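Student: Sequence:
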Amino acid sequence: MQHPLIPLAAAIPPPEAHQAAGQLTIILLLIALVGVVLVSVFVLLGLRRRSRQRLAPTPRPRPDPGDAWAEAGARLPLEDDDSIPREPGSA
1 MQHPLIPLAA AIPPPEAHQA AGQLTIILLL IALVGVVLVS VFVLLGLRRR
51 SRQRLAPTPR PRPDPGDAWA EAGARLPLED DDSIPREPGS A
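Take 1 as the starting number for the sequence shown in full-length UniProt numbering and just add one per residue.
These are computed hints drawn from the structure, not numbers from a lab. Everything numeric in this text was worked out from a predicted model, so none of it was measured. Don't be surprised by glycine CBs; every beta carbon is placed ideally from N, CA and C. Heads up, none of these hints are tricks.
Here are the simulated distance ranges between beta carbons: (1) Ser-51 to Ala-20: 45 to 51 Å; (2) His-18 to Arg-48: 41 to 47 Å; (3) Leu-8 to Phe-42: 45 to 51 Å; (4) Pro-15 to Leu-44: 40 to 46 Å.
Whole structure, please, built from the sequences with the hints as guidance.
Tutor: What follows is the structure, encoded as structure tokens:
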């Protein structure tokens, strides 16, 4: 009489197939690990660059030359200002 596990043993692949499958699994896991490391490095570099931009002082807009004339005119002293040196005898 045949043992009941003999047909089951015939279905098990030979050890060479197990070794090849194990090597393939290790290779795929290494590729996945390298991918995860690369993605995390790029994400961290992107976050670092964004935080630098946020912390950097914002450049001040250059004033319009016409505004400089208006601003200088606004700073001229008024006629009734006491800081204007007056000639003696002028009201």
